Amino acid sequence: MTGTAGGSGTSSPPDGGTGGTGGTGGTGGTGDTGDTGGSGGAVRPPDRAVWTRVDGIQGASLDLLNARIGTRHYAPHAHDEFAIGVCVDGLETMRYRGERLYSAAGSVVVIEPGEAHTGGPADQDGFAYLCLYPTAELVGAASGWDRGNRGAPHFGEPIIDDPGLARVLRLAHRSLRLGDDPLEGESRLLGVLGTLVRRHAVRGGQEEPGPPGSSGIARAVASRLSDELVSPPTLAEVAAGLGMSRYQLLRAFRDSMGMPPYAWLAQHRVARARTLLDAGHRPADVAPLVGFADQAHLTRWFRRVLGVTPGAYRNSVQDRARRRTAS
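Throughout the sequence shown, residue numbering follows the UniProt record's numbering, covering 1 to 327 in sequence.
Don't read these hints as lab results, they were simulated from the structure.
Careful, some of the hints might be misleading.
For each label pair, taking beta carbons as the anchor points, the in silico distance ranges come out as [claimed, not checked]: (1) 98 to 229: 36 to 42 Å; (2) 234 to 147: 43 to 49 Å; (3) 203 to 285: 45 to 51 Å; (4) 156 to 183: 20 to 26 Å; (5) 296 to 240: 20 to 26 Å.
Since the structure is predicted, the reported quantities are computational estimates derived from the model, not experimental observations.
For each residue, glycine too, the CB sits at the ideal point set by N, CA and C.
Taking the hints into account, I'd like the entire structure generated from these sequences.
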């Protein structure tokens, strides 16, 4: 099991901003952010987000995030995977399922795949958190949920007060990130997922409120935007293709996705950009390939969604790859 930098998103930010880039978003360091507790009002370091990808987990890879956020508010976004994290210092606020929520130090946070959310500091002291991003298949298999249950585990409460679970989640995250004992890391991870599902999952997801057929409309819009990533159609063109007004389309898309089409397209472009950066492409070359106007445009959205610049992300990927080859 080897580590390479990566990542797919964040825990979640508030609706107070449309994605300010505050902070520097570095990628260095390996210590657990916030593990020493609060700073008692002392001056905090700049915003920092460290992404790590661990290979060999049930035949796939797993992304980990270790971050301290003082000023940044992540733009609305969604993950293809679960986002399972623990706040280790301070207080986070997030917008999720139409509500403003808060998670304090020791809280476990669970965001389900495809669920739009934000996330950021609730006050001037900021917050720190650890997060891992397992697929729904991994969560189901690790917990035994996929035997006798239809669909992925559902969590009615995204903020969970379970000190024991929070503690073992931190230990699993640390073990996976350091990679000293791959067997230990994977064993701790599977134990955490099993405990989480056993204690807190419920059967059957709940339908989001919205006009009938809004999810189907949103999928159709997202599919077309994905297919025409570099030169996307206008809102009027998409609406006409579906035989509806622009207002109806916007409402249906937002009700289903939790964000307007332009925001969904931007985060989808970021995901495509990550794949190209992983392959060694330069940020300046990647920007036009995924539809951004230039590198600055790519950088703004990359930081709003992932918390780091494309250059820092690419350097981290290459540095870890070289270390792995040398070993």
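Do the hints match the structure? See the list:
no., hint, result
1, 98 to 229: 36 to 42 Å, "violated, 29 Å"
2, 234 to 147: 43 to 49 Å, "holds, 47 Å"
3, 203 to 285: 45 to 51 Å, "holds, 47 Å"
4, 156 to 183: 20 to 26 Å, "violated, 34 Å"
5, 296 to 240: 20 to 26 Å, "violated, 33 Å"
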